[in-house]
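Listed in order, the protein sequences are those of chains A and B. For the first sequence, our numbering begins at 140 and goes up steadily by one. For the second sequence, our numbering begins at 3 and goes up steadily by one.
Honestly, the hints are just simulated from the structure, not real lab data. Check before you lean on any hint, since a few could be wrong.
Simulated crosslink set (BS3-like; lysine-lysine; CA at most 25 Å straight-line) [what the hints assert, rightly or not]:
(1) A:144 to B:40
(2) B:59 to A:284
(3) B:183 to A:144
(4) A:159 to A:238
(5) B:40 to A:330
(6) B:49 to A:330
(7) B:49 to B:183
(8) A:308 to B:49
(9) A:284 to B:49
(10) B:49 to A:144
(11) A:194 to A:308
(12) A:238 to A:194
(13) A:330 to B:171
(14) A:284 to A:308
(15) B:19 to B:49
(16) A:308 to B:59
(17) A:144 to A:330
Sample of chain A residues with no beta-carbon within 10 Å of chain B, all distances over it, derived [said to hold, decoys possible]:
(18) 149
(19) 151
(20) 153
(21) 155
(22) 160
(23) 189
(24) 213
(25) 231
(26) 241
(27) 259
(28) 285
(29) 290
(30) 308
(31) 319
(32) 354
Treat the numbers as computed from the prediction; the structure is a model and nothing was measured. We put the CB at the ideal spot given by N, CA and C, even for glycine.
Each chain, written out:
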Amino acid sequence: MSDLKTVHIALPARTEDLRKLEIGSVAYLTGRVFTAREGVYKRAIGDGFGMPAGKDVLGITNFHCSPAASINPDGSYTVGAVTATASFRFAQWLGGWFKISGCNIIIGKGGMTSETYRTQFVPNNAIYLTTVGYGTGALLGRGIKRVAGVYWLEELGLAQAVWVLDVEKFGPFLVESDLDGNSLFERENAKIAPGLAQLYAGTRPATLHRYGETDDKTKEVI
Amino acid sequence: MIPLSSIQRTAEELMAKAAIEIPEDYLDGLRRCADTEKGDLSAFVIKAMLENYEAAKEDRRAMCGDTGLPRWYVKIGNDARIEGGPVALEAALRRATARATANVPLRPNRVHPLWRTDHNNNVGINAPEIEYAFHPDADWIELTTVHKGGLFGTDYRMLFPGDGIDGIKRFYLDTLIGFGKRGLACQPAIVGIGLGGSKDTSMVLGKQASCLRVVGSRNPDPKIAALEDEFKELGNNIGMGAMGFVGSSMVIDCHIEVGYCHTGGMPMSVHMFCLSSRRACARINADGKATFRTDPIWFTDYMRRETVEWGQLAAEAAE
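Build the full structure now, drawing on both the sequences and the hints.
Okay, here's the thing in structure tokens:
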């Protein structure tokens with residue numbers, strides 16, 4: 140289907156397995172992952188509740204998402220599709236997050252900056268995997284074999300709860316950061332950036348400027 | 003009289019269809035991207051998405067785990083009669099949204115903006131949105147549901163006549179590049195541009211242009227249609243493809259809708275309907291029978307009318 144290298148990772152991943160990963164490789168996961176997004180990060184770190192369960196229960200692979208799921212009358216779960224949410228907004232919590240979760244794989248949408256990888260991921264021997272297209276929800280849903288548990292459902296609701304999922308050939312994902320802190324997105328952006336200026340050639344900036352285009356609040360924006 | 007039971011049943015089916023079945027026009031457009039995409043990473047993403055649509059249909063599961071913000075567009079024929087009236091219609095659409103959230107299942111995305119209260123059913127204050135339009139000489143109603151992502155790919159700017167087409171082009175590029183990086187807009191997308199109107203109308207028109215027109219459709223004004231072609235081409239020459247990787251797959255199509263605006267201004271909005279462009283539509287006839295399709299046919303001559311009067315009255319006024 141393409142020339143991209145494909146790797147299968149057994150969870151929990153060992154550091155030596157992660158060391159072999161190259162950015163831009165396609166990855167599939169088998170083992171246990173748990174979901175945690177802003178509600179969980181805020182509750183665990185900001186509000187000081189810590190993790191809802193130990194590493195032996197949650198695993199050490201954190202997916203920035205929550206599934207499209209419902210709870211059946213008998214208490215069982217129906218999980219349909221699952222798609223990541225954008226990860227850049229979790230960067231502020233990461234220092235504390237790695238400490239209390241022990242995670243070494245973070246999965247999400249869009250990655251973070253290579254600076255975040257170098258300062259937060261690398262010291263914790265952690266890597267980042269991005270979901271593909273951000274819409275392969277049905278393929279990912281197929282990879283979920285069992286809901287092993289749900290935490291903080293009452294406190295956070297279905298869409299923010301911690302879902303513990305046993306997965307098999309769960310993917311595809313792309314390796315966005317490696318153990319040295321390199322970023323696939325930044326590599327691609329660097330290739331695209333030089334061509335952007337010419338797209339604007341001959342045009343003038345908009346008449347009315349906006350804050351956001353400058354962070355200097357003393358500047359006239361008209 | 004259109005029976006309420008038919009409205010609710012049809013609405014529930016539309017929720018499932020939108021979530022599970024990628025519309026054929028978007029699918030064809032993405033296949034054309036797959037044929038031409040040279041970037042290996044961008045091509046891989048498109049291939050994976052094409053497989054994902056198949057998996058969604060086979061398993062009858064949502065194509066995307068993020069439900070976006072499910073919403074409704076209702077077009078009411080001038081002669082249509084709805085059992086229970088508009089209040090009952092709205093209740094049926096809210097009920098269908100809630101039931102489909104549990105039954106498909108869809109992720110209950112809708113929460114209170116401050117208290118983050120989640121009713122776990124995608125229903126709450128001002129949610130789902132229901133927009134209305136009307137159609138002359140008809141006794142049917144048409145329901146369209148759109149599940150569009152809720153966070154990235156949309157922006158608004160007040161431009162001025164002096165900014166001209168170049169100003170429009172710049173803001174278009176700004177939005178595509180800004181949200182295209184790292185693929186936050188989940189491109190390639192159907193890009194909708196709203197030009198003119200009041201500020202809120204500009205946003206509404208742009209959203210409708212991206213979500214309610216099918217790939218390949220063109221604005222009836224030939225100069226605007228030419229701009230749509232030009233902007234599609236421009237977007238695909240940024241050098242960026244799916245997920246912001248090097249490539250040429252950014253814009254499946256570009257649609258522009260206009261509204262008369264303040265003489266001093268030229269408000270503009272840009273919207274991107276994503277790799278999971280979820281829309282489904284049905285017409286319900288007076289007898290309650292529903293026919294399903296994926297083209298909402300929202301923008302009609304009547305919707306884009308410029309005159310004071312319409313139809314017979316307009317003809318008489320012209321004489």
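Quick rundown of the hints versus the structure:
1. A:144 to B:40: Holds: residue 144 of chain A and residue 40 of chain B sit about 17 Å apart, inside 25 Å.
2. B:59 to A:284: Roughly 19 Å between the alpha carbons, so the hint for residue 59 of chain B and residue 284 of chain A holds.
3. B:183 to A:144: holds (23 Å)
4. A:159 to A:238: It holds: about 24 Å lies between the C-alpha atoms, which stays within 25 Å.
5. B:40 to A:330: holds (14 Å)
6. B:49 to A:330: holds (22 Å)
7. B:49 to B:183: holds (20 Å)
8. A:308 to B:49: holds (18 Å)
9. A:284 to B:49: Judged against 25 Å, a Cα distance of about 24 Å means the pair holds.
10. B:49 to A:144: holds (15 Å)
11. A:194 to A:308: Since the Cα atoms of residue 194 of chain A and residue 308 of chain A sit roughly 21 Å apart, the hinted pair holds (cutoff 25 Å).
12. A:238 to A:194: holds (12 Å)
13. A:330 to B:171: Holds, at about 22 Å.
14. A:284 to A:308: holds (10 Å)
15. B:19 to B:49: OK: residue 19 of chain B and residue 49 of chain B at ~22 Å, within 25 Å.
16. A:308 to B:59: holds (20 Å)
17. A:144 to A:330: Since the Cα atoms of residue 144 of chain A and residue 330 of chain A sit roughly 21 Å apart, the hinted pair holds (cutoff 25 Å).
18. 149: holds (22 Å)
19. 151: holds (23 Å)
20. 153: holds (26 Å)
21. 155: Consistent with the label, residue 155 of chain A stays out of reach of chain B, its closest Cβ about 26 Å off (over 10 Å).
22. 160: The claim holds: residue 160 of chain A sits with its nearest Cβ about 15 Å from chain B, beyond 10 Å.
23. 189: At roughly 20 Å from the nearest Cβ of chain B, residue 189 of chain A sits farther out than 10 Å, so the non-interface label holds.
24. 213: holds (14 Å)
25. 231: holds (17 Å)
26. 241: holds (25 Å)
27. 259: At about 18 Å from chain B, residue 259 of chain A clears the 10 Å cut-off, so the statement holds.
28. 285: holds (16 Å)
29. 290: holds (16 Å)
30. 308: holds (13 Å)
31. 319: holds (20 Å)
32. 354: holds (16 Å)
The structure is consistent with each of the numbered hints, conforming to all of them.
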